[in-house]
Amino acid sequence: MFTVELNNVQKDSNHYANAKLNAKSPIVEIFSAAATGQDLSKFGAKANAAMTHVKELASKALMGNPVAKAEINTIVRYAIEPKLISAIKLFDFMGTFRTIGYDQQPMMTTYAHESIRSQFQASRGDVPFATTTWSEYPIGTQTISSGYAVNYREIQSGNLDKVAEGMEQVQTDMMNKAMYYVVNEMFNAIKNATGVKYFAETEGITKSSVDDIITKIRRFGQPSIVGDFSVVSQLNDFAGFQAVAGDASSTKLPQSVMDEIRRTGLLNTYKGSSVVELPNAYNLTELNKAGDNFKTYLPEGLLFFVPQGKKSPLQVFQKGGLTSMNGNDIITGTEITRFDMEIGAGVAKGQEHQIGLIRDTKYELPQI
Amino acid sequence: MSFNLDKKITIKNLCPWDLYFRKIDTHGDFRLPANGIRQITAGEVQSQVYDNTSLFTGTDGQGTHAKIYIDDKETRVHLGFETDDKDDKQEVVTVERIKQILGYKTQKAFEENVQKEILLESEKAQLFDVAKKEKINDYAKIKFIEEYTGFKFDTQS
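The listed protein sequences correspond, in order, to chains A and B.
Heads up, the first sequence is in the numbering used here, so the first residue is 1 and it goes up one at a time.
Heads up, the second sequence is in the numbering used here, so the first residue is 1001 and it goes up one at a time.
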């Protein structure tokens, strides 16, 4: 467990500002290609020049030059960012995802209908229509950080193995944390909502529970079915048809569905709703209650039904881009590079009922 | 005397939301509507309990804080949730019990019993719902319920 103490952390933007360096700069592309083990021949002579520059930076960084460290980190940051953003785009399937600038405040939008009944008009008569009013309210953001220990001496020799591993880890870690945060926000919002609520508990996901909730949510928009593999994979059994109508023991799967399941392990769509698997990694530092397996980062037994469309009640914001910084781990003295991302998520107030939730009681519900 | 597995018994949903489970003895799903009752064979219930379906067996496997109440003394005794003794009761939180708790005269007795018996998320939701339906009219109790369950009586904000 590495920690960067706040008193020695150095924001890279304090030391290094190069307006010309961006995600499309050749040095970023070459660095990224070299770290991920791609063919460098397409870059021609530029590849050598770029790698020489990186090595030079590393040897300067090794001597303690903060500007060189900041430059390396900035290059790494640009290399990670597009991959991370494409991973974060998964939120698009779950709700509305927006990126906003650093100077902006994430604003949740919630809608209400002014209830004048729209009516049929009498001949040559006037007719009232309903209108939609909307209001906005600000939500806070959460900073998600991740990082790795760097060995500048290794980079100095042109070996990018550890950097590649670190980049990989940063992406996975960030994604886990972002997912955890969003799922928690969603779960808590539904849990604490009163009034109409589409919630059911099942022992094993049952077809009738899923069908009931889809019917209820569909009026708000075509729902996405979102959950961990252990719950979304249970939908596979529902895709069949009955050779003898009404006789459950004669259920068969069509070839097309079988192919789909064989390839991906999952149904792509069920009753017109796309089925989305949330990546959920094992938390290797904790065991489950029974002690026979690891805990997962996200709760396993939750199946969400999120309506799609412009007015999705789940709204996720990414504020600004990645920020990188470096510092020394106090305990080991290792050089740590840290990346921060700001994320905000919420379920629009008064619209919690638009998200359906089925809880599978077979899985533990972590106390969040 | 042998236990008749084909006997139809009544089960009761103690949650303010629908519960579903997959039948083991036969094909298909079983839906138990919010606060509703349904009829089922004793054999199916036995299969579910042996399968350790937590909806029936509760938090300890002995029916404590179960979400589904088996409304038949013989079955409960057969499955080991209760003994033959007339006063031995399976520890579940029913609507009647919640009404009783809400009726306690002193705030202290009320708070103690809530904290002792209302533990699960479903029981908290049930407490909130019953309190609303019973038109609870006691500021201290309302405040306590809001704080304890996390639900707010006033949803307009």
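Do not rely on the hints blindly, as some may be mistaken.
Dumping the calculated EDC-like pairs for lysine to aspartate or glutamate here, alpha-carbon to alpha-carbon at most 20 Å [as the list claims (entries may be wrong)]:
| id | chain 1 | residue 1 | chain 2 | residue 2 |
| --- | --- | --- | --- | --- |
| 1 | B | K1023 | A | E165 |
| 2 | A | K191 | B | E1147 |
| 3 | B | K1143 | B | E1117 |
| 4 | A | K362 | B | D1129 |
| 5 | B | K1152 | A | E185 |
| 6 | A | K55 | A | E185 |
| 7 | B | K1099 | B | E1112 |
Rough simulated footprint, nothing fancy, chain A against chain B, three-plus residues with beta-carbon under 8 Å [as the list claims (entries may be wrong)]:
| id | stretch |
| --- | --- |
| 8 | 1007 to 1014 |
| 9 | 1018 to 1025 |
| 10 | 1120 to 1129 |
| 11 | 1145 to 1152 |
Don't read these hints as lab results, they were simulated from the structure.
The beta-carbon is built from N, C-alpha and C at its ideal position, and this holds for glycine as well.
Hint-by-hint comparison with the structure:
For a cut-off of 20 Å, the pair hint linking K1023/B to E165/A is broken: about 47 Å separates their Cα positions. Taking the CA atoms of K191/A and E1147/B, the gap is about 14 Å. The hint holds against a cut of 20 Å. For the proposed pair K1143/B and E1117/B, the alpha carbon gap of about 18 Å is at most 20 Å, so the pair holds. Restraint check for K362/A and D1129/B: not satisfied, since their Cα atoms lie roughly 26 Å apart, outside the 20 Å limit.
Proximity of K1152/B to E185/A is assessed by CA-CA distance (about 18 Å); at most 20 Å being required, the pair is judged to hold. For the proposed pair K55/A and E185/A, the alpha carbon gap of about 44 Å is over 20 Å, so the pair is violated. Simply put, K1099/B and E1112/B have alpha-carbon atoms about 15 Å apart, close enough for the 20 Å limit, and the pair holds. Residues of the stretch 1007 to 1014 of chain B with a Cβ under 8 Å from some Cβ of chain A number 0, which does not satisfy the need for three, so the listed coverage is violated.
For the stretch 1018 to 1025 of chain B, the stated coverage by chain A is satisfied: 5 residues place a CB nearer than 8 Å to a CB of that chain, which reaches the threshold of 3. Check result for the stretch 1120 to 1129 of chain B against chain A: holds, 3 residues qualifying (beta carbon to beta carbon below 8 Å, three or more required). Chain A is given as covering the stretch 1145 to 1152 of chain B, and this holds because 3 residues of the stretch bring a CB closer than 8 Å to a CB of that chain, at least three being needed.
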